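Residue strings, one per chain:
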Amino acid sequence: AQRVTQPEKLLSVFKGAPVELKCNYSYSGSPELFWYVQYSRQRLQLLLRHISRESIKGFTADLNKGETSFHLKKPFAQEEDSAMYYCALSGHSGNQFYFGTGTSLTVIP
Amino acid sequence: DAGVTQSPTHLIKTRGQQVTLRCSPKSGHDTVSWYQQALGQGPQFIFQYYEEEERQRGNFPDRFSGHQFPNYSSELNVNALLLGDSALYLCASSFPGIFYEQYFGPGTRLTVT
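Chains as they are written, first to last, in the numbering used here: chain A, 54 to 162; chain B, 698 to 810.
Hints in this document: simulated from the structure, not taken from any laboratory. Accuracy of the hints is not assured; some may be wrong.
[Stated by the list, open to error] Only part of the chain A face toward chain B is listed, based on derived beta-carbon distances under 10 Å:
| id | residue |
| --- | --- |
| 1 | S65 |
| 2 | F67 |
| 3 | G69 |
| 4 | E85 |
| 5 | F87 |
| 6 | Q91 |
| 7 | Y92 |
| 8 | R96 |
| 9 | L97 |
| 10 | R102 |
| 11 | R106 |
| 12 | C140 |
| 13 | S143 |
| 14 | F150 |
| 15 | G153 |
| 16 | T159 |
Model, not experiment: these values are computed from the prediction. Virtual Cβ for every residue (Gly too), placed ideally from N, Cα, C.
With these hints in hand, go ahead and build the complete structure from the sequences.
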């Protein structure tokens with residue numbers, strides 16, 4: 054069965070500290086993995102996708118097929134990173150997305 | 698461009714009633730997906746519409762139905778409302794062929810009493 058698991062509902066880090074938001078998945082096939090972010094009072098928006106291998110706002114995420122993980126990392130957290138982060142996956146056709154339950158990140162000044 | 702718009706913003710219905718939610722996609726987008734987000738949960742995929750057809754459906758009962766119009770706007774209908782249908786309903790649209798970059802609307806908060 055297709056599933057996305059984000060084990061941490063809440064995560065707090067100090068400004069300047071490294072941050073890692075965990076995401077594990079199960080999918081029968083080769084999925085496309087994404088991170089979506091929702092800042093306070095804003096809409097859910099795409100942060101990055103694994104296939105682009107980009108760094109967006111200092112965040113990177115590596116797809117580890119062996120561990121079926123897609124953890125989101127940033128070496129130095131900033132206050133503006135405080136938000137809700139959702140890991141999501143879809144098949145290649147993009148017909149259907151599966152979202153995790155989200156991790157609320159708070160960066161402490 | 699206002700982006701994806703949804704109406705109404707909030708809605709209160711009674712068990713057993715029917716509800717229709719509306720979504721206008723971002724300009725240039727042709728694909729619309731609907732999600733249900735219960736409190737404390739991530740969005741759950743309901744279905745996706747493309748070229749006025751339901752292209753994919755998530756694990757939701759037939760009480761949930763939809764429609765896409767020639768101008769790409771979409772409606773979500775829910776019949777025989779249950780208390781468990783209380784949630785935030787999100788609409789997302791995407792450009793042709795760029796399915797992964799979904800643009801989300803602000804959502805409609807449905808409360809069933």
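Which numbered hints fail
1, 2, 3, 7, 11, 16
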